[in-house]
Amino acid sequence: MAADTQISGLYGLLTEFESPSVLVQAAAQVRDAGYRNWDVHTPFPIHGMDEAMGIRGTQLPFVVLAGGLIGLGLATLMQWWMNAVDYPFVISGKPLFGIPANIPVMFELTVLFSAFAAFFGMWGLNGMPKWHHPLFANRRFLRATQDRFFIVIEARDPRFRLHETSAFLASLGGSEVEEVKESAED
Amino acid sequence: MSPAAHDPLNNTVDDPTRPNALILGDNDFTSLTVKVSDIVLERKTPRAWYVAFTVTAGLTGVLFLMIGYLFIKGVGVWGLNNPVSWGWAIVNFVFWVGIGHAGTLISAILFLLRQKWRTSINRFAEAMTIFAVICAGIFPAIHVGRIWVVYWLFPLPNYQAMWPNFRSPLLWDVFAVGTYATVSLLFWYTGMVPDLATLRDRARGRMQQIIYGILAVGWRGSHRHWHRYEKAYLILAGLATPLVLSVHSVVSFDFATAQIPGWHTTIFPPYFVAGAVFSGFAMVGTLLIPARQWFGLKEFITLHHLENMNKIILATGSMVGFAYATEFFIAWYSGNPNESFAFVNRAFGPYSWAYWIMVSCNVITPQLFWIKKVRTTVPVMWAMYIFVNIGMWFERFVITVTSLHRDFLPSSWGYYDPTVVDILTFVGSFGLFFTLVLLFIRFLPMVAMAEVKTVMPIADAHSGERRAVGDYHGDIPAASPEGGGA
Chain A
672 MAADTQISGL
682 YGLLTEFESP
692 SVLVQAAAQV
702 RDAGYRNWDV
712 HTPFPIHGMD
722 EAMGIRGTQL
732 PFVVLAGGLI
742 GLGLATLMQW
752 WMNAVDYPFV
762 ISGKPLFGIP
772 ANIPVMFELT
782 VLFSAFAAFF
792 GMWGLNGMPK
802 WHHPLFANRR
812 FLRATQDRFF
822 IVIEARDPRF
832 RLHETSAFLA
842 SLGGSEVEEV
852 KESAED
Chain B
2 MSPAAHDPLN
12 NTVDDPTRPN
22 ALILGDNDFT
32 SLTVKVSDIV
42 LERKTPRAWY
52 VAFTVTAGLT
62 GVLFLMIGYL
72 FIKGVGVWGL
82 NNPVSWGWAI
92 VNFVFWVGIG
102 HAGTLISAIL
112 FLLRQKWRTS
122 INRFAEAMTI
132 FAVICAGIFP
142 AIHVGRIWVV
152 YWLFPLPNYQ
162 AMWPNFRSPL
172 LWDVFAVGTY
182 ATVSLLFWYT
192 GMVPDLATLR
202 DRARGRMQQI
212 IYGILAVGWR
222 GSHRHWHRYE
232 KAYLILAGLA
242 TPLVLSVHSV
252 VSFDFATAQI
262 PGWHTTIFPP
272 YFVAGAVFSG
282 FAMVGTLLIP
292 ARQWFGLKEF
302 ITLHHLENMN
312 KIILATGSMV
322 GFAYATEFFI
332 AWYSGNPNES
342 FAFVNRAFGP
352 YSWAYWIMVS
362 CNVITPQLFW
372 IKKVRTTVPV
382 MWAMYIFVNI
392 GMWFERFVIT
402 VTSLHRDFLP
412 SSWGYYDPTV
422 VDILTFVGSF
432 GLFFTLVLLF
442 IRFLPMVAMA
452 EVKTVMPIAD
462 AHSGERRAVG
472 DYHGDIPAAS
482 PEGGGA
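Chains as they are written, first to last, in this note's numbering: chain A, 672 to 857; chain B, 2 to 487.
Extracted from the complex, chain B is given alone in its bound form (with noise of 0.2 Å):
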């Protein structure tokens, strides 16, 4: 046997001559769709839920809280100043709606590339990018100052009889992150519904057979509806695939297509995608590591998986601090006084903290993913992925503040400060994407189990004879006990 003999769950073991399994432990098609549904069917709720839960809700309760107090009193109740217009809110919307990216890279991204791991994580990936882009919208919602006429944002027949102007980026936004929050919420519904099915056939409870019942529209495994949700699966990951680079483009035009020095730069589009999908990632396991050991899934989503999405964020890691390194290259090598100006500022000036945070946590934290030790040792990836949530919240707060506070004109500069509003609106989003994730764990099918049962060996009605691109299980001489079914 090779080395990872000693550990039956570490997967990581550099063996060339044999692949790591995708799924350990002893199991077949049974025992998966039992240890995932039973999560959700038969297992008393953990006392720890509850308390998570309470505190969560109440963290809810303290966004609300701060939203219905700034719809009463007005913008003033946030730190915003002039020439500091765009603060917490925006560096909020832009911070959780880049969160979002990851689950849509894991479910279609990594689905047409035909990345066989993405299976064990895209559900959950998928729930988190819904949640974050819930929490994303409502920044930009509450943030426009006169609430009572938000509408103004859509393209609705009004009083006024007037028309959005569509050739602001400001617009884009609202129909790229709508059309994100459809396409996500489709894509991941659609992805369920052969689980919600098996959820209805498992359930005892009335109730349950009922909601879930209704939630699986019928499905019944038939293949030729298995034929049809195929070729729609993979037109839905063909369509969100530019759809997620988009979204993240569009957001960085809100900065790009102004012209204060630092913003207006033709790096952003691709540099905000890199950081989102960074973000992103930190953010799936930060969730995730706590999920799997607490609900025993460590067969499923193994540490193959997590080794495999701190490349990710190694390489994506990479390219942002390599964007931080080009706009500085570019501020010097334009010659533009003013933007060579914004930089220097941003390192030196009095938002220096900030941006010495940001780049100790994305620049230096991601490089440590070279090291396989730390990319395999679960705590120590845990709190590299706090970092890298930290450090990409800065980001957003560094670009979004630094450049605003020192334009172009030295009488109009000044210093940005939040107000406890503020601090406590950021926090309440928090309280709400964690309830949004505990509510999901505890009614909904954690791990795609329909799709997990694909990459298990035994699923080969081909074994040896023929193989997908990327499918190397398929011909492998039985190396682990699920190996040559039939």
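Extracted from the complex, chain A is given alone in its bound form (with noise of 0.2 Å):
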């Protein structure tokens, strides 16, 4: 924690862009100036701003796989402990368990299993729901959703000092610079 320079109660600085291709210099150039606790925010996906912001992946695809061969072990599972072990009848002289007549399950199975673990995979790595925070407290912010352009950074960067890192940001190309309070009775 960057304790000595900063204002209590203060959660970051925020300044706000109107064109996606500024935006993703300027992030650029955060990256580069070793931030680790700041964020953009737009309306949509930028393309481009995973380098720009230096993003690694995400662990996302093994959630899913995980969740995928949970459904596709449960449906195995499901369909020969009901049908060949716990209530074993023969009909149109199929056997108990066999692969063919259990695949429509199994693939159904591991797709909702799938779909599962990327929904709230997404949502948890995500840290939501989370309805509240600081950065809704802010009037301009309210168009982060709708047509503009946000570099945000936290004041619990280790690299945040106050009037540096206003300078800093003043010096990209946005509008003013704001600060963000903690609370939201701002």
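Certain hints may be false.
Unchecked claim - Subject to a maximum C-alpha distance of 30 Å in a straight line, what follows is the list of computed DSBU-like cross-link-like pairs (lysine-lysine):
id, chain 1, residue 1, chain 2, residue 2
1, B, Lys312, B, Lys74
2, B, Lys312, B, Lys299
3, B, Lys312, B, Lys374
4, B, Lys36, A, Lys801
5, B, Lys232, A, Lys801
6, B, Lys299, B, Lys36
Unchecked claim - Label-pair distances were calculated between CB atoms; the ranges are:
id, chain 1, residue 1, chain 2, residue 2, range
7, A, Gln730, B, Ala259, 44 to 50 Å
8, B, Gln294, A, Ile741, 45 to 51 Å
9, B, Lys373, A, Arg727, 44 to 50 Å
10, B, Phe330, A, Leu740, 41 to 47 Å
11, B, Trp149, A, Trp752, 25 to 31 Å
Read the hints as simulated data drawn from the structure, not as lab findings.
For every residue, glycine included, the Cβ atom is placed at its ideal position computed from N, Cα and C.
Got two chains here, each in a separate frame; can you build the complex from them with the hints?
In structure tokens, the structure reads:
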């Protein structure tokens, strides 16, 4: 924590951009300046921003793979145990358990569990739902979901120094830099 | 200027030097946001909406009355008999579940194929998918006869210590349709969260802020979130693609694994999927054309979008027509007398009227879309969609009923007529479908704002330097007022 120059109750500093292309260059500068606890807020995903921010891949595909394997395993076990072990009965001369007749349910449950993993995994990794956030108290920030682009550097970043960071943000080509308070009262 | 200059809303002119814009008018991020979200937040509900809602809610009431009547009296209130033991309930089920397929095709398959024009229509089409699947799900649930043991469809422990038969396609159907409904809902909701956040941030009423706020799960456009979000969206699209192809394949297994002539064919899975997409696109168009008209969305859901949809209808309609021909060819070529009889009987037997309605609507109608004028004239294409809707319902009727009413044993031949209850239940299901559509256009964003913003030329942060596959807009010099931002 960068306690010395920090104003208590400060969440971070925010600056606003009007176009995505300036934003991408600005984000690359923030990355190069070595900040870690910062983010870009945009109304839609900007291509090229992953590299500009230095974001590495997400673990989500592995979560989905695990979900899919669980679904496949469950479907296989369930069909085998229910039709061949717990309540065996012969119908149309089909084997009690045979892969061909059991493939459709295996497939469906693989997809179902993968989709659950993708959905809940994504929201979980994103830390959502989270209905309260300091940025929501900022009037300008309402446009982050509409037509404006923001860079926010958090006060908890090890490199955060109120004046230097503020001057740095101001040099990026956005609008006036604004302080965002931790509490929503302001 | 190109000839398109005469009509600013016509972007269907074939000019290889200048790709058609996906978004027309002088729109930027702000105006797009305002135009789409104001339909929900600001605009007073049109009187016509209330009139329409009253009618559709009344029909929904009829649906539930009919279901209640069915539960009290039993399936004898339907026109089922021996040998036609599957009637309108199954026809309606296959019809509705097929309609859903267009939504998933647009949202998932066209996404994987990087068809950028999908962004304007995918939200609407996905909503339609979910509502159609809801309507579809009702019919197999109510047709079981002993409704009080409907839970036997699911692998739930019960007092008889009995489990479902997983070797039956009817049970595969439960899993296929259940998975399809769930995944479609997750996909739709995931796609909608950024737009719900937009509504939350633009809402002025406290109630709206709270409700959209809860639904938006705290979305704040963070790129660290977008990064995972896009990955999840891609994965869900990748999952939904084989899923949608499997759903109607499994539905077709209900027929194809039976031994009745006319059902027992290997062509069914691809034939059903093509028909499903065909009928679904027609239904999307049926709803989209009035919606873009009444809510002033012609700049976003352009003629170019409609023309593309018509091309898909032409392609899938031709597949369906080809499948009809193949069925006849195989019936003859197989040398199987029962199979040959079933098909000759379809075309010239007691139900030939239904067969020829099907053929004229499904084979002839889509072929008219070869003509560009037909493809790009709104009232004409809307009429075509209605024909396709009718034709595809009759296709399911023909498959279900004509195969059953003349099976192997002439002494058990019969004729099937629907009863008033059959008809009112089907009409009522349209009431439910349109009620849900009306609620959707009133309370949720009809156009995927965040996604449309990504295909606007000003969204490209790398103008001219880098472009994704299929991204033919990035480096085109300003052809329209919205070109070349920043």
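Results for each hint:
A hinted pair counts as satisfied when its Cα atoms are at most 30 Å apart, and Lys312(B) with Lys74(B) does not qualify at roughly 46 Å. Of the supplied pair hints, the one linking Lys312(B) and Lys299(B) holds, its CA atoms being roughly 19 Å apart against a limit of 30 Å. Distance check on the hinted pair: Lys312(B) and Lys374(B) sit about 13 Å apart at the alpha-carbon level, within 30 Å; holds. For the suggested pair Lys36(B) and Lys801(A), the alpha carbons sit about 28 Å apart, so the restraint of at most 30 Å is met.
This hinted pair checks out: Lys232(B) and Lys801(A) have alpha carbons roughly 20 Å apart, not beyond 30 Å. A threshold of 30 Å between alpha carbons decides the hint, and for Lys299(B) with Lys36(B) the separation of about 11 Å falls inside it, so the pair holds. At about 46 Å, the CB distance of Gln730(A) to Ala259(B) agrees with the hint of 44 to 50 Å. Judged by the Cβ atoms, the range 45 to 51 Å given for Gln294(B) and Ile741(A) holds: they are separated by roughly 47 Å.
For Lys373(B) paired with Arg727(A), a C-beta distance near 49 Å keeps the hint of 44 to 50 Å intact. Distance hint for Phe330(B) and Leu740(A): a CB-CB separation of about 43 Å, consistent with the stated range 41 to 47 Å. For the pair Trp149(B) and Trp752(A), the supplied restraint of 25 to 31 Å holds, since their beta-carbon distance comes to about 27 Å.
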